[in-house]
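Novice: One-letter residues, chain by chain:
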Amino acid sequence: MSTPLNREQMARRVARAIPDGAFVNLGIGLPDMVPDHIPPENEIFLHSENGILHVGARPPAGQEDWDLINAGKQPVSLRSGGSFFDSALSFAMMRGGHLDVSVLGAFQVSEAGDLANWSTGLGEGVPAVGGAMDLAVGARQIWVMMEHTARDGSPRILRQCRYPLTATGVVKRIFTNLAVIAVRPEGLEVEEILPGLGLDELQARTEATLRAGAMRPLEA
Amino acid sequence: MLDRRVASFTEAIAGIGHGATIMLGGFGGAGTPLGLVAAVHRAGLRDLTVIANNGGSAEPDLRIWLEAGQVRKLVCSYPKSKLHTTASFTTLYLAGKIELELVPQGTLVERMRCAGAGLGGFYTPVGAGTALAEGKETRMIDGREHVLEMPLSADVALLRGRQADRLGNLTYNKTARNFAPVMATAAKLVVVEVEEFVELGALDPEAVVTPGIFVDRVVQREAPQ
Numbered sequence: 001m002s003t004p005l006n007r008e009q010m011a012r013r014v015a016r017a018i019p020d021g022a023f024v025n026l027g028i029g030l031p032d033m034v035p036d037h038i039p040p041e042n043e044i045f046l047h048s049e050n051g052i053l054h055v056g057a058r059p060p061a062g063q064e065d066w067d068l069i070n071a072g073k074q075p076v077s078l079r080s081g082g083s084f085f086d087s088a089l090s091f092a093m094m095r096g097g098h099l100d101v102s103v104l105g106a107f108q109v110s111e112a113g114d115l116a117n118w119s120t121g122l123g124e125g126v127p128a129v130g131g132a133m134d135l136a137v138g139a140r141q142i143w144v145m146m147e148h149t150a151r152d153g154s155p156r157i158l159r160q161c162r163y164p165l166t167a168t169g170v171v172k173r174i175f176t177n178l179a180v181i182a183v184r185p186e187g188l189e190v191e192e193i194l195p196g197l198g199l200d201e202l203q204a205r206t207e208a209t210l211r212a213g214a215m216r217p218l219e220a
Numbered sequence: 001m002l003d004r005r006v007a008s009f010t011e012a013i014a015g016i017g018h019g020a021t022i023m024l025g026g027f028g029g030a031g032t033p034l035g036l037v038a039a040v041h042r043a044g045l046r047d048l049t050v051i052a053n054n055g056g057s058a059e060p061d062l063r064i065w066l067e068a069g070q071v072r073k074l075v076c077s078y079p080k081s082k083l084h085t086t087a088s089f090t091t092l093y094l095a096g097k098i099e100l101e102l103v104p105q106g107t108l109v110e111r112m113r114c115a116g117a118g119l120g121g122f123y124t125p126v127g128a129g130t131a132l133a134e135g136k137e138t139r140m141i142d143g144r145e146h147v148l149e150m151p152l153s154a155d156v157a158l159l160r161g162r163q164a165d166r167l168g169n170l171t172y173n174k175t176a177r178n179f180a181p182v183m184a185t186a187a188k189l190v191v192v193e194v195e196e197f198v199e200l201g202a203l204d205p206e207a208v209v210t211p212g213i214f215v216d217r218v219v220q221r222e223a224p225q
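One line per chain: the protein sequences are F and Y, in this order.
Here the first sequence stands for residues 1 to 220, where the numbers follow the working numbering.
Here the second sequence stands for residues 1 to 225, where the numbers follow the working numbering.
A hint or two may mislead.
Claimed, not checked - Derived, one-sided and incomplete: chain Y residues facing chain F with beta-carbon distance under 8 angstroms:
#	residue
1	27
2	28
3	80
4	106
5	173
6	174
Just so you know, the hints here were simulated from the structure itself, not pulled from any lab data.
If you're wondering where the values come from, they're calculated on a predicted model, not measured in any experiment.
Cβ coordinates follow ideal geometry from the N, Cα and C atoms, glycine included.
Make a model of the complete structure from these sequences and hints.
Specialist: In structure tokens:
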């Protein structure tokens, strides 16, 4: 089998899937890397929940403006045609279904599209939810981007999430380092799979039941 | 003649008492009124309930109230930080020395919006089926479970703006806007620290984000204590 995608290749795969002209929110973590890989011919409008549409690149060192930061509290710039707005309007954009795609990192996803990405529920430290629950609810498409299994090899695509839920039945597509999986009412369907990896081998790394879909080769 | 400008930070926070509920503007470092935070710290106000998006950072923000033991309870979406000083929020929380009400960020701001708009609450799909909806009334709307969330108001809002005129009309600077325009509607006393005062008529009415009707006092960032 081919080598599983690295983080950069995963970002490139997700970036290619975002349609030209889409309004998109990228969660903190793995999705952070997606903007660097948007095909140059595509115009994508990035939303940041602290009140920006059309977020641009990080300014060069020394030119940061700390009143212009993204949801990850990193300095960013504003692209031509961008705008600023308050938090209530920003979350209205999210909850109200005005964003085309929200790409989120996750700990676990269930076969029904339940998402667990805000807490491991292990009682460690301070609970913090930020905009995770809001981001998981309103966008027209919720995509998850994560490693297919946990560090110890245990599956993260489960019959039911074991970590506390962020939202129920919201995830439409899962992009991992091994596959692209669609969440359909009838169950999980493998759209793309790493070349040389069999469905049975992918199933062995997945607790939820997988069905063969298009089974195209997964390429960055 | 209506004039909301005050000349010092002491005047700006006059009348705020122990036990007050204070909304504090800012998301990360953008929009926190550090001069007003310092003034409340100096005044030694205690037993405060603070409503803010974050739980303090390395900057002299909410952190200095926490370190001084001024805060009883925090209503917040993201209290976690990398800060692990002896009196950071994390330390106080793990020691059981501070109360936390954890609210999803969009729900936090919408609860304030409701209070400021005179509404009795709202149903949201955010949080439905999760631990944060436990004990809350739910209702199916268009086939989807929604959670009833109640309005959130405060005694005081401490905010940062960019420009203000004597009526308290405000503009903001980029992402420093965040919660401020909504908090300004939801507190009894609204105090805003701004970069500069401008003459009446200097602000383009189309560019005013918070009309002065919501604002009680404005103070310049460079004003004396």
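Novice: Under 8 angstroms is the threshold here; is the Cβ of residue 28 of chain Y close enough to any Cβ of chain F for the hint to stand?
Specialist: holds, 4 angstroms
Novice: The hint names residue 27 of chain Y as touching chain F; please verify it with the least Cβ-Cβ distance against 8 angstroms.
Specialist: holds, 4 angstroms
Novice: Restraint: residue 106 of chain Y near chain F, CB-CB cut 8 angstroms. Satisfied or not?
Specialist: At about 3 angstroms, which falls below the 8 angstroms cut-off, the nearest Cβ of chain F leaves the hint on residue 106 of chain Y intact, so it holds.
Novice: With a cut-off of 8 angstroms on the beta carbons, see whether residue 80 of chain Y makes it to chain F.
Specialist: holds, 4 angstroms
Novice: So, residue 173 of chain Y near chain F? Judge it on the closest CB pair being under 8 angstroms.
Specialist: The hint holds - residue 173 of chain Y has a Cβ within 8 angstroms of chain F, the shortest such distance being about 5 angstroms.
Novice: Any CB of chain F closer than 8 angstroms to the CB of residue 174 of chain Y?
Specialist: holds, 4 angstroms
The earlier numbered hints are all upheld by this structure, with none contradicted.
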